[in-house]
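Protein chains in written order, with the working numbering: chain B, 2 to 594; chain G, 82 to 204.
Hint data in this document are derived by calculation from the structure and do not stem from the laboratory. Backbone N, C-alpha and C define an ideal beta-carbon position, used for all residues, glycine too. One should not assume that every hint holds.
Unchecked claim - Residues from chain G that face chain B, not an exhaustive set, calculated with beta carbons under 8 Å:
no.	residue
1	M99
2	L106
3	T148
4	K152
5	R156
6	I160
7	H165
8	Y180
9	M183
As a plain string of letters, each chain reads:
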Amino acid sequence: MIGRFRKVLGSLRLQFYHRASEHLNPYFTFTDYRKIWGIGIFLLAVTALLPLMVVTIIYYQLIQKSVDSELILRTERVASNARRAVTFFLEERLNALRFTVNEIDYDQLTNPNHLAELLRNLKLGFGGLTDLSVISHSGIQIAYAGPFKLEGKNYSKQAWFIEWQKYNFYVSDIFRGYRDLPHIIIAVKSFRPDGTHFILRATLETERLIQTLSSYETGEHADIFLTNRSGTIQTPSKYYGDIFEKMALPVPDFSSRTETIMAIDDQRLSIITGYAFISTQIADTPFILMVIKQKAKMIGVWLELRSKINWFVGFAIMIIIIVVAITCTYMVNKLYLADKAKAEAMAAMEQSCQLASIGQLAAGVAHEINNPLALINETAGYVKDLFVIKKQYSKDDELLENIDYILEAVERCGTITGQLLGFARKFDVKIQRVNLNEVISDVLVFHNKEAEYRNVSVVVDISKDVPEIDTDRGKLQQVLLNLVNNAFQAVDDGCNLAINAALEGRDKVSITISDNGCGMPEENLSKIFEPFFTTKERGQGTGLGLTITYGLVKKLNGNISVISKEMEGTTFIITLPIRMHEELSKNENSFGR
Amino acid sequence: MKQYNLLIVDDEQRFADMLARRLNLRGCNCDVCYRGREAVKILKKKKIHLVLLDLHLPDIYGTEVLTRIRKYDERTPVIIVTGHGTEKDRRECMRQGAYAFMHKPVGIDELMTILAEIGEMSA
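Let's have the full structure, built from the sequences with the hints guiding it.
Shown next as structure tokens:
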């Protein structure tokens, strides 16, 4: 379980982030895997996230519009109802006054007792009236019923009285006046038979009006109040100023209907304002009804829902990005590993082809050299024969010695051309069942004496699960002999040599030959299988031993690799199939032809 | 030592002559020819104990020479001595009963050893 988890985690590691090896670079199909990975993540993320974002935005806008229109509707309804109530309040009292002046004659109205009786009845019938007075056309208060003593007061010079003269019905602003209490004055003008007129004036308390307005306040974030047309607040407001102060909002444009607008207030809060210019059927009034609702507070539920949706969308985006990143990493890793495997195969193939072509060239050269070499050999041999067999020249030792040099050189050339041809030639592979232990023992027989003499310890360890393998015994023996020879040449006296064999997967065995000798510099590792590459002194090695070994291992359908570190030692690893098939070997074996 | 009649067939005239001289010095009686057809003619006329045959001859290829020899003479040992021999040639020659397949340059002592072997076999 843990192993599988580690494997999954391993497959998500950015394996492509660092290139495996410089020498494989030319064989990679794609050069920049980091860029592919980045573009992949970007495109997949955009493809996956764009619809989600678009749908979310559209959803938000639809909900926003729906919520806005609902809020506007509700505000408009409240404003409309409150407007009717305020209009009715004023209209009802104006009508009562009109009825009074039409029904009761001037003399009765100017009778203080009768006027007091009338006030009492009006208070009973409608309520909200403070006093009642009759003012002559010249501005003199002729009769008064109420809590103050205002009889005989002259209003002729006062501005409001002059203003009143223009209208038959009048509704004042809310003001404090002499009594220092907020009140409204409503007045009705009536004409007497002699052509003069008088005014029946009533003072209304504002409490009833304020109570009426308050009853329309739904929720604590709604603010309903009256303002006059110059923007002075007429009834208490929660948020936009005290009574008789200038309203903190602009005065809305005139409209005969109830209107609702969305706006931003002085606190930078989004508000919905419903307003109506109050006008009765009898007279116009100075009042504007304001219904103001703070949007953020009104849509609290929706905002809470939106916050949840935002969290959900954020979580979904995070999951999508993680899945996209994992998918991309997995796919690019797979692509990279496939590309890397291909690059390795191509590099190996190129090396193999290179060796094959070098082999062909070497074979050609060897063939061509052999004939003149044979002539030199026979000619020099004949000259030597003359010395050795025919005794007349035998005294010239120096000449004989030089001829021996020629023959020795020819023999060496013959060895080289022979090895070149051996490297290039296509041998039949004779497959037989081989016991690795026996083969290794046979090879080591050649070195027993040397190992004893030089005190080199040779340890052979064949794992018990290594089966007998089907391969060409002779070639395997030659391969092992070459490698053991090399190892003996590389180690100093008293050093160690280890030969191990183990099962590699189900169908392969690996044979490892390691020594703790002088090792090789890293730059030589890639060349050691090339023909004529040798680190030995001139004349000591032909540089073909490992090339032949390489060719032989390939003929056995195997692989050979080397690990080496200077002054630490060298390890050759040969991997061979357990069951080698002859036909396969012949088909694959194109080496040297 | 018994005197052996050898036939050296090689288009490299100087090589063939030199080898003949060396073998003659060692008690052999060598005939030399440079063409395949000529070799076949000599073999028909004369008792030859061993043939040293090159493969790359100007008129017919060495394997063909061997085929023609084997048509009427199955016993005379033939050693192929070539500078260009391929594995295919080697197999073909061995199939047709060549005694050995050798690459140039050939050591004279090696040749003498083979000659001694043949002598023992025919004795």
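To see whether the hints hold, each was checked on the structure:
Contact between G/M99 and chain B, as hinted, is supported at the beta carbon level, the nearest pair being about 4 Å apart and thus within 8 Å. Of the supplied interface hints, the one on G/L106 holds, with its beta-carbon coming within about 5 Å of a beta-carbon of chain B, less than 8 Å. The restraint placing G/T148 at the interface with chain B is violated, with a minimum CB-CB distance near 22 Å, outside the 8 Å limit. Using the Cβ-Cβ criterion of 8 Å, the hint placing G/K152 at the interface with chain B is not satisfied: the shortest such distance is roughly 28 Å.
For G/R156, the shortest C-beta to C-beta distance to chain B is roughly 27 Å, which exceeds 8 Å, and the interface hint is violated. Hint on G/I160 is violated. Least Cβ distance to chain B is approximately 14 Å, over the 8 Å limit. With its C-beta approaching chain B no nearer than about 5 Å, G/H165 sits inside the 8 Å limit, and its interface hint holds. Restraint check, G/Y180 versus chain B: the minimum CB separation of about 19 Å is more than 8 Å; hint violated.
Interface restraint check for G/M183: the shortest CB-CB distance to chain B comes to about 10 Å, outside 8 Å, so the restraint is violated.
In the structure shown, a violation is registered for the earlier hints numbered 3, 4, 5, 6, 8, 9, in ascending order.
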